[in-house]
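Listed in order, the protein sequences are those of chains P and D.
Here full-length UniProt numbering is used: position 258 in the first sequence is 258, and no number is missing along the way.
Here full-length UniProt numbering is used: position 101 in the second sequence is 101, and no number is missing along the way.
None of the hints are false.
Covered by chain D, per the in silico footprint, the following chain P stretches (three or more residues, Cβ under 8 Å):
{"id": "1", "region": "112-124"}
{"id": "2", "region": "371-378"}
Pair by pair, the computed Cβ-Cβ distance ranges are:
{"id": "3", "chain 1": "D", "residue 1": "K79", "chain 2": "P", "residue 2": "G179", "range": "53 to 63 Å"}
{"id": "4", "chain 1": "P", "residue 1": "K355", "chain 2": "D", "residue 2": "L104", "range": "26 to 36 Å"}
{"id": "5", "chain 1": "D", "residue 1": "E103", "chain 2": "P", "residue 2": "E43", "range": "34 to 44 Å"}
{"id": "6", "chain 1": "P", "residue 1": "R66", "chain 2": "D", "residue 2": "V82", "range": "50 to 60 Å"}
{"id": "7", "chain 1": "D", "residue 1": "L104", "chain 2": "P", "residue 2": "K158", "range": "40 to 50 Å"}
{"id": "8", "chain 1": "P", "residue 1": "A27", "chain 2": "D", "residue 2": "M1", "range": "46 to 56 Å"}
Subject to a maximum C-alpha distance of 16 Å in a straight line, what follows is the list of computed EDC-like cross-link-like pairs (lysine to aspartate or glutamate):
{"id": "9", "chain 1": "P", "residue 1": "K355", "chain 2": "D", "residue 2": "D32"}
{"id": "10", "chain 1": "P", "residue 1": "K358", "chain 2": "D", "residue 2": "D32"}
{"id": "11", "chain 1": "P", "residue 1": "K358", "chain 2": "D", "residue 2": "E31"}
{"id": "12", "chain 1": "D", "residue 1": "K17", "chain 2": "P", "residue 2": "E368"}
{"id": "13", "chain 1": "P", "residue 1": "K358", "chain 2": "D", "residue 2": "E27"}
{"id": "14", "chain 1": "P", "residue 1": "K110", "chain 2": "D", "residue 2": "D10"}
{"id": "15", "chain 1": "D", "residue 1": "K9", "chain 2": "P", "residue 2": "D267"}
{"id": "16", "chain 1": "D", "residue 1": "K9", "chain 2": "P", "residue 2": "E114"}
Because the hints were derived from the structure by calculation, they are not lab data.
On a predicted model such as this, the values are computed, not experimentally measured, just so you know.
Glycine included, C-beta positions come from ideal geometry on N, C-alpha and C.
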Amino acid sequence: VVHMDVRGNKVKLDDDTEISYDKCLIATGGVPRNLQVIERAGEEVMKRTTLFRKIEDFKSLDKVSRNMKSITIIGGGFLGSELACALGRRSSESELEVIQMFPEKGNMGKVLPEYLSNWTTENVKKEGVKVITEALVKTVSYKDDKLEIKLKDGRLVKTDHIVAAVGLEPNVDLAKSAGLEVDSDFGGYRVNAELQARSNIWVAGDAACFYDIRLGRRRVEHHDHAVVSGRLAGENMTGASKPYWHQSMFWSDLGPDVGYEAIGIVDSSLPTVGVFAKATAKDTPKAATEESGTGIRSESETEDTASSAVASTTPAPPVDHKEKYGKGVIFYLRDKVVVGIILWNVFNRMPIARKIIKDGEEHADLNEVAKLFNIHED
Amino acid sequence: MSSIRQEGKDTIIFVTKEDHETPSSAEFVEEDPNDPYEEQGLILPSGEINWNCPCLGGMASGPCGTEFKEAFSCFHYSKEEVKGSDCLEQFRTMQECLQRYPELYPKEDDAPSSQTSEESASEEPSGANAAAGFEKDSDPTRPNSESSAES
Chain P
1 VVHMDVRGNK
11 VKLDDDTEIS
21 YDKCLIATGG
31 VPRNLQVIER
41 AGEEVMKRTT
51 LFRKIEDFKS
61 LDKVSRNMKS
71 ITIIGGGFLG
81 SELACALGRR
91 SSESELEVIQ
101 MFPEKGNMGK
111 VLPEYLSNWT
121 TENVKKEGVK
131 VITEALVKTV
141 SYKDDKLEIK
151 LKDGRLVKTD
161 HIVAAVGLEP
171 NVDLAKSAGL
181 EVDSDFGGYR
191 VNAELQARSN
201 IWVAGDAACF
211 YDIRLGRRRV
221 EHHDHAVVSG
231 RLAGENMTGA
241 SKPYWHQSMF
251 WSDLGPDVGY
261 EAIGIVDSSL
271 PTVGVFAKAT
281 AKDTPKAATE
291 ESGTGIRSES
301 ETEDTASSAV
311 ASTTPAPPVD
321 HKEKYGKGVI
331 FYLRDKVVVG
341 IILWNVFNRM
351 PIARKIIKDG
361 EEHADLNEVA
371 KLFNIHED
Chain D
1 MSSIRQEGKD
11 TIIFVTKEDH
21 ETPSSAEFVE
31 EDPNDPYEEQ
41 GLILPSGEIN
51 WNCPCLGGMA
61 SGPCGTEFKE
71 AFSCFHYSKE
81 EVKGSDCLEQ
91 FRTMQECLQR
101 YPELYPKEDD
111 APSSQTSEES
121 ASEEPSGANA
131 AAGFEKDSDP
141 TRPNSESSAE
151 S
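Build the full structure now, drawing on both the sequences and the hints.
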């Protein structure tokens, strides 16, 4: 679709076909962002760069990575970190060097509070990834059959292939012809609480900047949101008039010690309260390895089973070796109200989390709220 | 004993099992059973089956939606001693439909495992055990009578 005629209730395709409609849903998602430094770097660099988003990107990277000695992932969020861990595991069986670099201080730096982001980063390293934090890419060039990434602080990284996982640009190409409002804070088409942009036009998924009657205006790029918002738009297009109400959730797994589910607004700039299960003497490494992927493991156990030690190129941030963030729940607060919750290595408790967010109450003692999650049980 | 630590704006609390054994003093807003927006359970206040219930894993939509609804309605309202024994025809029709779309309805052993599958509205339905599983959700007081019809 290249043009939208809102008053005429029709769209035009790139082959000039016109399609008229009674109701229209826009779900154009987005395109992966690229780094300007890569776009400016020329053909040889672009040829060796993957913008990672679609299944085809995965398939081609899968092939390409088998013939490489070194892959560098730029980006420290969900996509970049999960990909780094997956490739890192592969590196233990092959010669592949996996590097991940990003501007934040730790993996998931925009989502997890600093102490947890640091702990996650240590776990990503245990998966065989060379993590370079606080890395801002200045230039990328092709030299002697290698890509050379020069960072703003002068560090130089040589690699064979780059994967850019630096975010999504929501697709609002039709905004101009359709006369649709684009949100300047979050990007995407601005819609109301019922996901409607204008008469007969609704937007769902990554491209929708909508009004969440509980949490305020947002734009969400997760899979469950796509399902929930698509369904809601469909219901409203057929007369339901329901606001965005059912909170969508998301999840991520980064290796055997980090798996979490989340709901609401989980922004690391918000004050957080994390309640974690204290490791006891009973949590033996053997017991932990017998549990499937959850539980607290002693450091020595994970070091033994991890791939051969991969030194990071920057000094590791101070990690408190006594404290292991094995299982817990993290509350994100805005004006003393819980607006987001992460269930950290604790599963099947999302309905409780959803209820807390829905209530929107001020709780004097979040430890009391945390009790409801039974974090010590499986 | 719980320990509490502050790192800037972030509070970190470690608690033992004993710390969390005492009942919670947290208070919640009472649920309104007639909340028009809230995702309802399997049975609507009117007594009808809520085909939008996430617990049905999307089975009521798609190419076999009709067949599923017929089989499940029959099972749900069945008054037979062996519940659903009067619904074999509907279950067979549903099975035939599910088998025509293996990509949409993978068999149990092909289904990808997902820790969040109960929660996400996008759960992949596994056709073979669908009906038996749902009865568990909707009627917890009954013994788990696996309907043999659909296996």
